[in-house]
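J.: The whole structure should be built from the sequences, with the hints applied where relevant.
Taken in sequence, the protein lines are chains A and B. Residues in the first sequence are numbered from 1141 upward in steps of one, following my numbering. Residues in the second sequence are numbered from -12 upward in steps of one, following my numbering.
Note that these hints are calculated values from the structure, not bench results. One should not assume that every hint holds.
In silico BS3-like cross-links for lysine-lysine, where the CA-CA straight-line distance does not exceed 27 Å [said to hold, decoys possible]:
id: 1; chain 1: B; residue 1: Lys86; chain 2: B; residue 2: Lys75
id: 2; chain 1: B; residue 1: Lys75; chain 2: A; residue 2: Lys1228
id: 3; chain 1: B; residue 1: Lys74; chain 2: B; residue 2: Lys86
id: 4; chain 1: B; residue 1: Lys86; chain 2: A; residue 2: Lys1228
id: 5; chain 1: B; residue 1: Lys86; chain 2: A; residue 2: Lys1305
Residues on chain B that point at chain A, a partial pick, calculated with CB under 7 Å [what the hints assert, rightly or not]:
id: 6; residue: Ile(-4)
id: 7; residue: Val11
id: 8; residue: Leu43
id: 9; residue: Thr54
For every residue, glycine included, the Cβ atom is placed at its ideal position computed from N, Cα and C.
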Amino acid sequence: MEILIFAILAVIAVVCAILVISQRSPVASALFLIATMVSIAILFLLLNAPFLAAIQIIVYAGAIMVLFIFVIMLLNLRRDEFGPERRKVQRFFAILFVFLLLIGLATIIQVGAFGLKSAEEVSDVTTPAGVEALAQLLFTKYLFPFELASILLLVAIIGAVVMAKRRL
Amino acid sequence: MVSSSAYMILSATIFAIGVLGVLVRRNVLVMFMSIELMLNGVNLALVALSRQLGSLDGQVLVFLVMTVAAAEAAVGLAIIICLFRNKKSVNVDDFNLMKW
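T.: Spelled out as structure tokens, the structure:
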């Protein structure tokens, strides 16, 4: 049953990801990207990470994608402004090298999988799920990166305002 | 129970599609979305390995990656608005002022 859900979600995620990069209109790309993110969020649920699934939908599919759609609408692009896509030769080599990259990654994963525990063994040692265990780790062991992230967000807010504003 | 390597293969596929998007597309907005796609693929691998190793450290890392992605989207889209204001285009071939 779990394998069936995984297969369906994997197909949806990959097909929508391909549609993201093949759609002509940026709005359609953004909508398919939201579909990919939602299916990845459900995969997080399967992986026993409910908090990250919620954050994925709220922050990624919610906030970031709304920002994207907002900018697309703000720029008010016409059809002819999308411009010509890359030449055929360039596209051929791009697909070829990405295919080689994928083969390389798959080989590394298969070679590395020998040392790993099998899925049945993993299910015996369940990771503590839920917000509490994650928060415990985030506010003790990873407190410094957490604080740095807050500074990063502040810098990003100031940077975005400075750049997007016409004159300060 | 789905094995972790299945999740890793899916994650590698999504990452590769993101790389392809950055290489093939000329629209700077779609290139940006492809970068988000790559980050999502890596997040999936991190969560899968977090389950594999039985620790939550990977999930904390995913949390921080999402923070960085939000910051990156805000700054990047501001840059895109700036570029569009100056060049009236979102095609990366038009942004060649600092090339050569």
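J.: For a C-alpha distance cap of 27 Å, please report whether Lys86/B and Lys75/B respect it.
T.: The given pair, whose Cα atoms are some 19 Å apart, holds under the 27 Å limit.
J.: Tell me if the interface restraint on Val11/B is satisfied: Cβ within less than 7 Å of some Cβ in chain A.
T.: holds, 5 Å
J.: Can the restraint linking Lys86/B and Lys1228/A be considered satisfied, given a maximum Cα separation of 27 Å?
T.: Cα-Cα ~23 Å, so holds.
J.: Using 7 Å as the Cβ threshold, decide whether Thr54/B counts as touching chain A.
T.: Since chain A brings a Cβ to about 4 Å from Thr54/B, closer than 7 Å, the hint holds.
J.: Can you confirm whether the C-alpha distance between Lys75/B and Lys1228/A stays at or below 27 Å?
T.: It holds: about 26 Å lies between the C-alpha atoms, which stays within 27 Å.
J.: Can you confirm whether the C-alpha distance between Lys86/B and Lys1305/A stays at or below 27 Å?
T.: The hint holds at about 26 Å.
J.: Can you verify the interface hint for Ile(-4)/B: is its Cβ closer than 7 Å to any Cβ in chain A?
T.: holds, 6 Å
J.: Is the hinted pair Lys74/B and Lys86/B satisfied, with a Cα-Cα distance of at most 27 Å?
T.: Holds. Lys74/B to Lys86/B sits at ~15 Å (cutoff 27 Å).
J.: For the hint on Leu43/B, just tell me whether its beta-carbon gets within less than 7 Å of chain A.
T.: holds, 5 Å
When each numbered hint is compared with the structure, no violation occurs for any of them.
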